[in-house]
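A.B. asks: Whenever a hint applies, use it, and build me the whole structure from the sequences.
Chains A and B supply the protein sequences, listed in that same order. Note that UniProt numbering has the first sequence beginning at 1, numbered continuously upward. Note that UniProt numbering has the second sequence beginning at 1, numbered continuously upward.
One or more hints might be untrue.
[Unchecked claim] Keeping only pairs whose Cα atoms sit at most 27 Å apart, straight-line, the calculated BS3-like set for lysine-lysine is:
(1) K83(B) <-> K99(B)
(2) K251(A) <-> K385(B)
(3) K230(A) <-> K128(B)
[Claimed, not checked] Pair by pair, the computed Cβ-Cβ distance ranges are:
(4) A54(A) <-> L401(B): 53 to 63 Å
(5) I14(A) <-> K128(B): 49 to 59 Å
(6) Y356(A) <-> H81(B): 15 to 25 Å
(7) R263(B) <-> C129(A): 51 to 61 Å
(8) L88(B) <-> Q170(A): 38 to 48 Å
(9) R152(A) <-> E331(B): 21 to 31 Å
(10) H81(B) <-> I14(A): 18 to 28 Å
(11) Y356(A) <-> E260(B): 30 to 40 Å
(12) T5(B) <-> G154(A): 40 to 50 Å
(13) N243(A) <-> G261(B): 18 to 28 Å
(14) R245(B) <-> Y356(A): 32 to 42 Å
(15) V33(A) <-> N452(B): 53 to 63 Å
Source of the hints: derived by calculation from the structure; they are not laboratory data. Don't be surprised by glycine CBs; every beta carbon is placed ideally from N, CA and C.
As a plain string of letters, each chain reads:
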Amino acid sequence: MSAPVTQHEPAVRIVKRDSIPTWKAWCIRLLAVVLALLLSGLFIFAVTHLNPVAVYQGMFEGAFGSERNTWVTIRDAMMLLCVGVGLAPAFKMRFWNIGAEGQILVGGILTAGLMIHLGYTFSTPILLCIMALASIAAGALWGLIPAIFKARWGTNETLFTLMMNYVAIQLTSYCVALWENPAGSNTVGIINMQTRAGWFPKILGQDCMLNVILVMTLTVGMFLYLKYTKQGYEIAVVGESANTARYAGIKLSRVYIRTMAISGAICGLAGFISVAGAGHTISVDTAGGRGFTAIIVAWLAKFNTFVMILIAFLLAFLEKGAIEIASQFNLNNDASNIITGIILFCIIGSEFFINYKLVFHRRKEAAGK
Amino acid sequence: MRGVTKTFGSVIANDRIDLDIRQGEILSLLGENGSGKTTLMNMLSGIYFPDSGEITVRGQPVTIRSPKDAFDLGIGMIHQHFKLVDVLTASENIVLGLKEKGRLNLREVSARVREICGKYGFSIDPDKKIYDMSVSEKQTVEIVKVLYRGADILILDEPTAVLTPQETDRLFDVLRNMRKDGKSIVIITHKLHEVMAISDRVAVLRKGVFVGEVSTSETDPQKLTDMMVGHAVTLNINRPLVEPRPLRLEVKDLTVLTPEGVRALDQVSFQAFGGEILGVAGISGSGQKELLEAIAGLQTAQPGSHVIYHPPTPDEAIAGAHVPVAPDGEELLGKNPRQIHRIGVSMAFVPEDRLGMGLVGSMGMADNMMLKTYRSGRGPLLNRKPPRALAEKVKQELDVLTPSINTPVRRLSGGNVQKVLVGREIAQEPSVLMTAYAVRGLDINTSYTIYNLLTEEKKKGVAVIFVGEDLDVLLELCDRILVLCAGHVNGIVDGRTATKEEVGLMMTNLRKEAAGV
Chain A
1 MSAPVTQHEP AVRIVKRDSI PTWKAWCIRL LAVVLALLLS GLFIFAVTHL
51 NPVAVYQGMF EGAFGSERNT WVTIRDAMML LCVGVGLAPA FKMRFWNIGA
101 EGQILVGGIL TAGLMIHLGY TFSTPILLCI MALASIAAGA LWGLIPAIFK
151 ARWGTNETLF TLMMNYVAIQ LTSYCVALWE NPAGSNTVGI INMQTRAGWF
201 PKILGQDCML NVILVMTLTV GMFLYLKYTK QGYEIAVVGE SANTARYAGI
251 KLSRVYIRTM AISGAICGLA GFISVAGAGH TISVDTAGGR GFTAIIVAWL
301 AKFNTFVMIL IAFLLAFLEK GAIEIASQFN LNNDASNIIT GIILFCIIGS
351 EFFINYKLVF HRRKEAAGK
Chain B
1 MRGVTKTFGS VIANDRIDLD IRQGEILSLL GENGSGKTTL MNMLSGIYFP
51 DSGEITVRGQ PVTIRSPKDA FDLGIGMIHQ HFKLVDVLTA SENIVLGLKE
101 KGRLNLREVS ARVREICGKY GFSIDPDKKI YDMSVSEKQT VEIVKVLYRG
151 ADILILDEPT AVLTPQETDR LFDVLRNMRK DGKSIVIITH KLHEVMAISD
201 RVAVLRKGVF VGEVSTSETD PQKLTDMMVG HAVTLNINRP LVEPRPLRLE
251 VKDLTVLTPE GVRALDQVSF QAFGGEILGV AGISGSGQKE LLEAIAGLQT
301 AQPGSHVIYH PPTPDEAIAG AHVPVAPDGE ELLGKNPRQI HRIGVSMAFV
351 PEDRLGMGLV GSMGMADNMM LKTYRSGRGP LLNRKPPRAL AEKVKQELDV
401 LTPSINTPVR RLSGGNVQKV LVGREIAQEP SVLMTAYAVR GLDINTSYTI
451 YNLLTEEKKK GVAVIFVGED LDVLLELCDR ILVLCAGHVN GIVDGRTATK
501 EEVGLMMTNL RKEAAGV
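C.D. replies: In structure tokens form, the structure reads like this:
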């Protein structure tokens, strides 16, 4: 026979929540941010003996300290948002498109190439239209290839889109070598520096105003597309269950291909915005990991493009702030990345407390019986 | 068990339950689906931990935090869904997870397994792989696994749900042998005749509350039903004979392969008529799923198979909604659900996997209502007005309990999910209505709501195909019953005259062998 069991009851149990009021969920998220700031403050003090408040102030100054800094932050947030908006339909369909990086690059390559070769042929508005269309086509193609393979032969889209990134990176290297300027620099340099041909025009005196207008239009458009159109409904059904989609008579292959074309096209357009509206050059760093960072943007927002605005700004703020404190306090880049990491960890971790609650075992109650 | 309570979110699954299990007896734990039987036993076997209350085993208060704790106390549970590793043999599965000192000697294990089998009257080959086993054999492995670990309190969760009547009898013999050996056995069930056949005592749960316990010898099925449901219910289902019954669906030589190339359906032929309910009986996994999915256009069939749809004639009551395309029948195979819909066939299908196939769990009732009709209307935008109106109508007419028509259906209880699904399918005014395990997991009241809805459709002249698992229900509800066995049609019987034993026998291969086929 068995020995009597003398273990104690578990002190904490994890219980799944039925549902949670929206305000409570946001309170938890807010608490997570506060906790993240406290934790990183502790880290800053422990490692550098700097005043955390001063460091945070430095971060804020880096992101929003001057008008120029503010616009750079806005520009970066818009880039991130644009890619996030592009990823939203694919991820909502549970199609793991981690190939945004490559889709941005091919859009950027075409934009840069056209800017170099047609800069003296067309006026800037016409050139911008041509570049936009070309980058959309290139991004869509880059998204279509894995989608067609998945629809036809059931290949794994995660690996396929990832591999497409490397192809795009190599293509970019090749083009950089091709368009090298000045010779031997191994960079393309700022394209059309003097003529500004094919550059985004200033609107209301701001270089990046057109970026904001384009991306905000896409954001609103994607929100409406996902929520109010038949195609958006199909994406939601396919994402929930492929079986339900077949049951409803939805052609899976068609939805995969169509949605990935849209997803790739928007990421390609992000490449266009990045080249024509921000960097005015092309290099393998044009995408700069945004294709991956934007996955966080899309997921954290649960594919709601308006929430994405918030998250894109948070990430852009953290990045700019990190660079600022790195130079201001002589911290190296890794230290500021750790702070970014802590903050993201807390925010993502808070989702656990939104879905589950902890029930603590009350010792007194047990003793009373 | 004293005062045991368990809550999930805001749902109280078990409310202060007191239960005694005595040595050397078979106790039936009776209750409708969702009454908290499995939850209660899961706390005994260490899957869940009670919110409050205490458990005493052989006079000792104990804390059971994991299945291992439960095994140490001699408590073993055989779950409804088997937890076996397919590619391992019976013996390997039995010793899996045991921490015995020294090297693993599988021959010794097999010998002990044989010994246990001999003692209680099982038959099992210890060296057979799980994937080669029938459902009944797998269950035997689960029971031996528990006995091998020295359990003397055995809990069986709906052990007969997957068995034929003959296999059930064999299982009951084994359980009686165990009782003789001094083991305590708890069987969770909602089948009254089994309770009467096997158990010494019955404990009844209703909506998480302990209703009472009685000796089996002092009760009868009607009394138990009253305890289970809380009020007297009649067990009769209304079964009118509808005239005329025109030919609606003709299935000829339907052969469907599984992805592994095994014949899930082999040359299946039958006819379904408007104005009748055709029952489909069979052990689970005999091809029911493939049959319905092939008709619905979700499975590819082998060449030579036919599913011919005969449209209603214009003078039929249900004809108004449908456009007859080819008067002498339209081939449905080779068309997907959308094409079938487009040629004017209104086919309703309530699949077995409600949230994985029939509905979108994360969407509300309203959005689910338009799953098959969202394409209607011009332009790229959705028209949410009709589905909203339909959702309100279904909610009202079928008493769907939901906070709002926008609450994700995943959050609704099983019965309400099924009402949403059946409500939508009936609302499309079908001429063919197929249901797979339409009442699985539903309480008695909801089940009867569903039976009545199906009978109403039948009266309208709809051809209803009802795949069921409870033979008592099939025999009371259906006009004819088709019996499937391993992908073959083993016969079609009249639901009014057939007996349970007859159908049960046809569900196994016995009849075929007797006929020398």
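A.B. asks: For every hint, state whether the structure bears it out.
C.D. replies: Hints and how they fare:
1. K83(B) <-> K99(B): The given pair, whose Cα atoms are some 18 Å apart, holds under the 27 Å limit.
2. K251(A) <-> K385(B): Holds. K251(A) to K385(B) sits at ~25 Å (cutoff 27 Å).
3. K230(A) <-> K128(B): violated (52 Å)
4. A54(A) <-> L401(B): 53 to 63 Å: At roughly 57 Å between Cβ atoms, L401(B) and A54(A) fall inside 53 to 63 Å, so the hint holds.
5. I14(A) <-> K128(B): 49 to 59 Å: violated (39 Å)
6. Y356(A) <-> H81(B): 15 to 25 Å: 24 Å Cβ-Cβ, so the 15 to 25 Å window holds.
7. R263(B) <-> C129(A): 51 to 61 Å: holds (59 Å)
8. L88(B) <-> Q170(A): 38 to 48 Å: 46 Å Cβ-Cβ, so the 38 to 48 Å window holds.
9. R152(A) <-> E331(B): 21 to 31 Å: holds (26 Å)
10. H81(B) <-> I14(A): 18 to 28 Å: holds (23 Å)
11. Y356(A) <-> E260(B): 30 to 40 Å: holds (39 Å)
12. T5(B) <-> G154(A): 40 to 50 Å: holds (48 Å)
13. N243(A) <-> G261(B): 18 to 28 Å: holds (21 Å)
14. R245(B) <-> Y356(A): 32 to 42 Å: violated (54 Å)
15. V33(A) <-> N452(B): 53 to 63 Å: The hint (53 to 63 Å, Cβ to Cβ) holds, given that V33(A) and N452(B) are roughly 54 Å apart.
When the structure is compared with the earlier hints, violations turn up for hints 3, 5, 14 and for no others.
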